[in-house]
Amino acid sequence: MDRCRFSTTPSFDISVSRRDRASSQTILSKASQALSEGSPGESVQSPNDPGERRGSVIDRIEDIVESMVDSLSENQPLTLPLRSRRSGNEYTVSFPATTANGVKKFTALLQILFLCHEALVSDTIITKRNIYYQNPELFGSQDYVNRLVDDVAYTFGVGRNELNIVAASKGLVAGQPFGTEHGDEVVMIPPADAVVDLDLRPIEWILVIEKEATFRSLVSLRYHEISVAGRGILMTAKGYPDLSSRQFIHAVHSTWPQIPIYALMDFDPDGVSILRTYKRGSQGMRHEERVTVPGLLWLGVKNSDLLELQMRLLPTTRSEPSNGDGESQSTLASSQSSRAGSSRTLARSLPGSARRHEAGWKILSLSGRDRTKAVRLLSTLSDQHHQDADEMELTSELQLMLMLNMKFEIQAVDRAENMAHWLDERLSRISGWV
Amino acid sequence: MSKQYLTAHTVDNAHIANIFAIAATKTAVLSASGSSCINVHATNKEAYPLVQSISNAHKLGCHHLAVSRDGKVAASIGFAGELKTWKVSDTGSGDWEPYVEVANGGETNGEAWALALSEDGSVLATTTHSGRVNIWRLSDGSSQLAQQFEPGSVVTSAFGMSIDISHDGKYTATGHENGAVYIYNNETGRIVYQLPGLAKPVRAVAFSPAGTKLAAAGDSMTIELYDLQFGEHVAQFTGHAAWIMSIDWSDTGEYLLSGAYDGKAKVWSIDKQACVATHSETEQALLSVKWLPKTGMNEMFCTAGANKSLTFYREATGTA
Chain A
1 MDRCRFSTTP SFDISVSRRD RASSQTILSK ASQALSEGSP GESVQSPNDP GERRGSVIDR
61 IEDIVESMVD SLSENQPLTL PLRSRRSGNE YTVSFPATTA NGVKKFTALL QILFLCHEAL
121 VSDTIITKRN IYYQNPELFG SQDYVNRLVD DVAYTFGVGR NELNIVAASK GLVAGQPFGT
181 EHGDEVVMIP PADAVVDLDL RPIEWILVIE KEATFRSLVS LRYHEISVAG RGILMTAKGY
241 PDLSSRQFIH AVHSTWPQIP IYALMDFDPD GVSILRTYKR GSQGMRHEER VTVPGLLWLG
301 VKNSDLLELQ MRLLPTTRSE PSNGDGESQS TLASSQSSRA GSSRTLARSL PGSARRHEAG
361 WKILSLSGRD RTKAVRLLST LSDQHHQDAD EMELTSELQL MLMLNMKFEI QAVDRAENMA
421 HWLDERLSRI SGWV
Chain B
1 MSKQYLTAHT VDNAHIANIF AIAATKTAVL SASGSSCINV HATNKEAYPL VQSISNAHKL
61 GCHHLAVSRD GKVAASIGFA GELKTWKVSD TGSGDWEPYV EVANGGETNG EAWALALSED
121 GSVLATTTHS GRVNIWRLSD GSSQLAQQFE PGSVVTSAFG MSIDISHDGK YTATGHENGA
181 VYIYNNETGR IVYQLPGLAK PVRAVAFSPA GTKLAAAGDS MTIELYDLQF GEHVAQFTGH
241 AAWIMSIDWS DTGEYLLSGA YDGKAKVWSI DKQACVATHS ETEQALLSVK WLPKTGMNEM
301 FCTAGANKSL TFYREATGTA
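Quick mapping for you: the protein sequence lines, in order, are chains A and B. Residue numbers for the first sequence, in the UniProt record's numbering: 1 to 434. Residue numbers for the second sequence, in the UniProt record's numbering: 1 to 320.
These are calculated hints, taken from the structure and not from any lab test. The structure displayed is predicted, hence computed values, not measured ones. Each residue gets a CB set at the ideal place from its N, CA and C atoms; glycine is no exception. A portion of the hints provided could be inaccurate.
What the hints assert, rightly or not - Think about it this way: if two alpha-carbon atoms lie no more than 20 Å apart in a straight line, the pair counts; the simulated EDC-like pairs of lysine to aspartate or glutamate are:
#, chain 1, residue 1, chain 2, residue 2
1, B, Lys-200, A, Glu-409
2, B, Lys-59, A, Asp-388
3, B, Lys-170, B, Asp-227
4, B, Lys-59, A, Asp-143
5, B, Lys-59, A, Asp-390
6, B, Lys-59, A, Glu-409
7, B, Lys-294, B, Asp-262
8, B, Lys-59, A, Glu-391
9, A, Lys-302, B, Asp-262
10, A, Lys-279, A, Asp-390
11, A, Lys-302, B, Glu-283
12, A, Lys-373, B, Glu-82
13, B, Lys-200, A, Asp-383
14, A, Lys-302, A, Asp-199
15, B, Lys-26, B, Asp-120
16, B, Lys-294, B, Glu-82
17, B, Lys-72, B, Asp-168
What the hints assert, rightly or not - Residues from chain B that keep clear of chain A, each with C-beta distances beyond 10 Å, as calculated:
#, residue
18, Ala-47
19, Pro-49
20, Ser-142
21, Ala-210
22, Phe-230
23, Glu-232
24, Gly-253
25, Asp-262
26, Asp-271
27, Trp-291
Could you put the whole structure together from the sequences, leaning on the hints where they help?
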C-alpha cells in the first residue's frame, strides 16, 4: 500500500536513492571542501551568519542522510527528526509511513533538506518559491513548503536565513509579459519553471542590469517600450545574482535562444565579477546546472566607453560635428524605424552639450580593495587552461582598469535619458543597424 | 613648419594582448603586454623580427618595463605586483636572461607600480600605490633597497603613476594620481621641487637628456614643461584630445614624443614649442611610445598599445 502511494511521486523515488548514494561520498567531500576553504567569496551572497553555524547545519543534514543510508542497508525504516514548533518536542517522520500524508511529509522534508544542503554547501541563496517549484505536485501548495521550511529551521535551532533559504527572489523584472493586473510595472522575477508559460515573441532584447537604481530609472522612462531596438525586458538581481534570478535567465535563454541578452554592469571589479557569475556561475557552484548564460553579451560599461565619455567631456567648444555626438546622433536618427519615434524625440530634446553624460556616469579611482579584487580575478582567469574570447576580453578589461586605475560607475541617474540614449546607440550598433 | 614621419614597419599582433610598455635599446625593442611573455624584436634587421620571447615573465601580464640607457639591464613589473630584473647574457648571444632578484614583498616596500632604470642599470627606482619611491641598487648577485622617499604625510600621498631617473642619476621625478609632481635628490632623499601639479593623474614624467628640463603629462591632456634650474613652469603643450599615457625625449632633447588614449601620437618641437607631427595609425589607445636610440641618419620611434602591434616610424628625409 505504501509503495503504491509512493509511486505517485516516481521522479522523487529515483532522486532519493541517487542522492542517498551520492551523499556519503560526494556531498561530504563537497562540504568539507567548502568548510576548509571558507566562503567561496565574492560571487555569492550569503547571509551574515558565522560560517561555523552554517557548517553545523551542513553537518547535521549529512548526519541525517548518513543514518538513513545506514538504515537502508540494514533494511530499517528511514527516519527524519522534526521538532514541533507548537510543543517544542522532537518527533520523527518516517518512511514507510502509515498514511499518505506521512509519506508526503517525509518526501517533502527530504527534498527540502537536500535543497537546503545544496544551498549551504555552494553558499548560495534559494527561495521558498524556488523550492515549491522544484516539485509543485509533491508540495501541493506554497504554504506547505513555508511551514516545513520553518519547521526545519526550528528543528536545527537556527533562523530560516541560516538555511540559506529566503522568502522570495531578490530579482526584479519589467517588460510587457510581466505586468500585473494592478498595473505594477516591476514584478519579482518569477520562478524558472514559469518561463514556459511566457509568451516572449514580441520581445527583441533583454537587458540584465547590475544596479537596482539604474533598473528603476530605466523602467520609469519606459525604456523597455521606447528603445530603438524594439520591445524589451529589463531585469536586475540587485548586485550579485541569487540562484533563482540566474535560473530564470537561463530558462529564458534556453526557451527563447534567439532573443539577445545584454548585460549592463559597472566598469569595476565587482561589475566584471558579477558578469562572470551570470555567464559562468560562481566558484562554489560548479556542480550547478541550468543556472548560467554563457551567451550573455557584455554591453558595457567597458574601457572603450571611457574614451567616448572623455571625448564628450572635452571642455573645449568643439566645432566639428563629425566627431562624437553629432555623428552618433545622426546615424541614430537615420537608423530609426517608426516605432522608435518617441526615443528620437527624446534624443533630440537632449542638448548636444559635452557635459550631458556627466549626470549618468561617475569616474573614480580604484580603491585598494578594488585593485586586490581585480588582481584576484585576473589570477582566476589566468588559471583557465584555455581562455576563450570572452575570458580574454575580461582579462583585457581588468588589466586596463588597473592600468588606468579608474573605475566607472553607473549612477543612480536623475537624468535617465542619458542612459537611454547611450543604450539606444549601443543596441543599434550591435544589432547591425549602424 | 612640420616634420614628416613615415610608417617604416608594423609588427601586427606582436602580442596577443594589449601592449602596456615598450623599451628600446640600440638593437631591439622590448615589449610587455597583458600576456605573460616579454618579447624582443630586433630593430637592426629587416622586418623587425621577433628574436626572443621570454615566456612566463609575468603570469598575470606586465604593465611596466624599462631598460637602462646602455641597453644591458631591464626591469619589469607584473599585474600581480612582482618586480623582475633582466640582463643581456654574458655569452654574447644577445639574449635577455633573469638578473638579480629584487625582494619586493611585504608591507614595508609597498606594491611596485612604475619603474625607471639609471643609465648603467645600477639604480632601479619604483613607485608604489601609496606614492612612495623605492631606490634599489643592483649589482651582479644582489639587490639592495638603498633608499625610500616619501612625498610627505600619508594623508597627502597619492598613487605613484610615473617615474623617471635623470641621465646623470642624481634626481628622481615622480608623477602622482592627484596631479602632484615631485623631484627628489637621490643623494639626500630630499624633495628638490614640488612642481605645480596638473590637478589630474600624471601618467608620464621624463627628464630631458641634459637634465635641464622635466616634462609631465597625463589626464589633463597637456604636456607641462618645467625648467629644473629654478623649478619653473616654462611651457604647456596643448593639442591632445585624450589622456596622455606616455612621453619620451629624443636623444638630442630637441623633440618630445607623446602617445594618447585615442590612438594619436604627436611629436613636439621644444624650440618652437609646437606640435610638428601627428600620427593616428590606430583609433585604439596608445599606451607606450619610445624613440629608438639614434643609430643612423634618421630619427625613428615606435608606438604600441591596445591594437597589440608595434608600429615603427622613420623621419622622412627632408622636411616639408
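Checked hints:
Restraint check: the Cα-Cα separation between Lys-200 of chain B and Glu-409 of chain A comes to about 19 Å, which is no more than 20 Å; the hinted pair holds. For the given pair, Lys-59 of chain B sits about 17 Å from Asp-388 of chain A by alpha-carbon distance, which is consistent with the 20 Å threshold. Proximity of Lys-170 of chain B to Asp-227 of chain B is assessed by CA-CA distance (about 16 Å); at most 20 Å being required, the pair is judged to hold. Between Lys-59 of chain B and Asp-143 of chain A the alpha-carbon distance is near 53 Å, which puts this suggested pair outside the 20 Å criterion.
For the given pair, Lys-59 of chain B sits about 19 Å from Asp-390 of chain A by alpha-carbon distance, which is consistent with the 20 Å threshold. In summary, the hint linking Lys-59 of chain B to Glu-409 of chain A is not supported, as the alpha carbons are separated by about 29 Å, beyond the 20 Å threshold. Under the criterion of a C-alpha separation no larger than 20 Å, the hint pairing Lys-294 of chain B with Asp-262 of chain B is inconsistent with the structure, at around 27 Å. Only pairs whose Cα atoms come within 20 Å are accepted, and Lys-59 of chain B paired with Glu-391 of chain A is accepted, the gap being roughly 15 Å.
Among the hinted pairs, Lys-302 of chain A with Asp-262 of chain B is consistent with the structure: their alpha-carbon atoms are about 15 Å apart, no more than 20 Å. A C-alpha spacing of about 10 Å is found between Lys-279 of chain A and Asp-390 of chain A, which places the hinted pair at or below 20 Å, so the restraint holds. Restraint check for Lys-302 of chain A and Glu-283 of chain B: satisfied, since their Cα atoms lie roughly 16 Å apart, inside the 20 Å limit. A threshold of 20 Å between alpha carbons decides the hint, and for Lys-373 of chain A with Glu-82 of chain B the separation of about 16 Å falls inside it, so the pair holds.
Restraint check: the Cα-Cα separation between Lys-200 of chain B and Asp-383 of chain A comes to about 36 Å, which exceeds 20 Å; the hinted pair is violated. Pair hint Lys-302 of chain A plus Asp-199 of chain A does not hold up; C-alpha atoms about 32 Å apart against a cutoff of 20 Å. A distance of roughly 14 Å separates the Cα atoms of Lys-26 of chain B and Asp-120 of chain B; the hinted pair therefore holds under the 20 Å criterion. Only pairs whose Cα atoms come within 20 Å are accepted, and Lys-294 of chain B paired with Glu-82 of chain B is rejected, the gap being roughly 32 Å.
Proximity of Lys-72 of chain B to Asp-168 of chain B is assessed by CA-CA distance (about 17 Å); at most 20 Å being required, the pair is judged to hold. Every CB of chain A lies more than 10 Å from the CB of Ala-47 of chain B, the least distance being 27 Å, so the non-interface label holds. Every CB of chain A is more than 10 Å from the CB of Pro-49 of chain B (nearest about 25 Å), matching its label as outside the interface. Every CB of chain A is more than 10 Å from the CB of Ser-142 of chain B (nearest about 28 Å), matching its label as outside the interface.
Under the 10 Å C-beta cut-off, the non-interface status given to Ala-210 of chain B relative to chain A holds; the minimum distance is some 31 Å. The Cβ of Phe-230 of chain B lies farther than 10 Å from every Cβ of chain A, with a closest approach of about 30 Å, so its non-interface assignment holds. Consistency note on Glu-232 of chain B: stated as away from chain A, and its beta-carbon is indeed over 10 Å from all of that chain's, at 25 Å minimum. At roughly 28 Å from the closest C-beta of chain A, the C-beta of Gly-253 of chain B stays outside 10 Å, upholding its exclusion from the interface.
At roughly 6 Å from the closest C-beta of chain A, the C-beta of Asp-262 of chain B falls inside 10 Å, breaking its exclusion from the interface. The claim that Asp-271 of chain B is not at the interface with chain A holds, since no C-beta of that chain comes within 10 Å of its own (minimum 26 Å). Once the 10 Å rule is applied to beta carbons, Trp-291 of chain B is consistent with being away from chain A; the minimum gap is 22 Å.
Of the numbered hints listed earlier, those contradicted by the structure are 4, 6, 7, 13, 14, 16 and 25.
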